[in-house]
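Asker: Given the coordinates of chain A, work out where chain B with the ligands should sit on it, guided by the hints.
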Amino acid sequence: MIEVVNLHKSFGGQRVLNGANLKVSDKELIAIMGESGGGKSVLLRHLIGLVKPDRGKVVVEGEDITRVSRKELDKIREKFGVVFQGGALFDSMTVYENIAFPLREKTRLTKGEVREKVEEALEDVGLGGVEHKFPAEISGGMKKRVALARALITEPKIVLFDEPTTGLDPIILHAIHKLIMDTHKKYGFTGVMISHDIPEIFEVVDRIAFLYKGVIEVVGTPKEIRRSSDPVVRQFIKGSLIGPIEIT
Amino acid sequence: MIERFLRIVGSHAISVLRTMGHMLLFLLNALYFVFTPPFKHRQLLREIRFIGAKSMTVILLMGSFTGMVLALQIFYTLRKVGSEAMLGPAIALSLIRELGPVLSALTITGRAGSALTAEIGIMRITEQIDALSAMALNPVRYLITPKIVAAIIVFPLLTSIFDVIGIYGGYLVGVKLLGLSSGTYFSEMEHFVDMQDIRIGLYKALTFGILVLWVCCYKGFYTGYGAEGVSKSTTNAVVMSSVLILISDYVLGSFFM
Ligand SMILES: Nc1ncnc2c1ncn2[C@@H]1O[C@H](COP(=O)(O)OP(=O)(O)O)[C@@H](O)[C@H]1O
Ligand SMILES: [Mg+2]
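Read top to bottom, the protein sequences are chains A and B.
End of the first sequence sits at 251 in our numbering; the numbers just go up one at a time, nothing left out.
End of the second sequence sits at 264 in our numbering; the numbers just go up one at a time, nothing left out.
Isolated chain A, as found in the complex (with noise of 0.2 Å):
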């Protein structure tokens, strides 16, 4: 269970989350939306312990991280698996080094079983045969699967995704929304998913929240997104240039 507080984050005097609040229960897959540059991604940072907020606090599984040592922050952190924004593999790294290095760090598996899990990891992502190469050399929906590999390597009980499928075409877009589906039911993970994709997603997940304003404004189920009235998300779902969110 994940609980953020009242979560206040500024930037040399950019508010950019305002009191922010959400709760995700075990095993719950949920979805974040909410305009670009609109403080999806910091609180996502702050889920992890990556952004220290100004107020508020973060609790993950009973413990406020904003508030532990870095001990015991590392200890909950191997908890989670995350896939940032870019994918964040290491350059200086094949991809099959990128997916065994969290093996290979914090497990005592030995190099043949780490061979074995990788192997079927890049099978499960359809990435077979490009094991070789580096992140520069593989386009930018290879790098997202091979992100999402090594973020689920070590089986965490907590996923976070960081737009998993920006910038890719509708095939790889369900392709990788199965693939998460697939996993969650598998390993059961509780997942926190940043995303744009309407209304692909309301297939995906258990429920919605949306970021306005810094704050969640709404939190509802697919079916209670799609029926409701506030104005905030009526305009996200329809796209439309008219409503509350204001294009600059």
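Since the hints were derived computationally from the structure, they do not count as laboratory data.
Using N, Cα and C, we set each Cβ at its ideal position, and we do this for glycine too.
Keep in mind that a hint or two might mislead.
To be verified - Chain A is faced by these chain B residues, among others (derived, beta-carbon under 8 Å):
1) Glu134
2) Gln135
3) Met142
Answerer: Chain B with the ligands in isolation, oriented as in the chain A frame:
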């Protein structure tokens, strides 16, 4: 008016002090991981290759030409006072005590230092550093410590190579071109170059290595938000490293007179 002035100076001084403290903690943090396992051997080898092996060509080039130019200049001066025989020791001492460490350090800064800042800065803005943190791995241990250890190994070695090549460059010009006898060139060197001179040169190389890597790693690690941050950090890192090399060279030089 005066109060306003004092306030500006004071706040500037405080921010400079804060940055210096922050930099010092960064270095101590990196050095701490030199002594606490697990050690990152693979990364260390990679850095030695990058900072060291790949700087070889340019060090060889710089070293030989520095030696040759020195020979021309010093020979010209020495002939005026009629003591050409001192050419060997003069070249050797200038190289070993001064020019070897300084020029090697400046060369490595230009060749590898800027690239290191850019590399680390890009890792920061593409969230690779965050990815390490998110895996509960300390990015300083993985990225910074191996680079600093590599510099401690590489700077004295490259400096020694620079010195030797420089002395042979001087030999080429002094003996083969200007007609000094080869016996004079080398035997006088043995008389005048002490172990102390060599030690000073190596201390300098070591100091410059740590300084350069410290500055370049720090600037990359704490690069500004966004891509223009990286190019600014890279420029800053090179300028600051070069200035620090020259200042610390003077300080060390006066210390070991
Ligand atoms: N480390 C940082 N330093 C300064 N500004 C930041 C930092 N991280 C995010 N921001 C700013 O916060 C705002 C929200 O960013 P972000 O969370 O990335 O938006 P998005 O919702 O598109 O993911 C942006 O205006 C961004 O420029
Ligand atoms: Mg974002």
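Asker: Check the structure against each numbered hint from earlier and tell me which ones fail, lowest number first.
Answerer: The structure breaks none of the hints.
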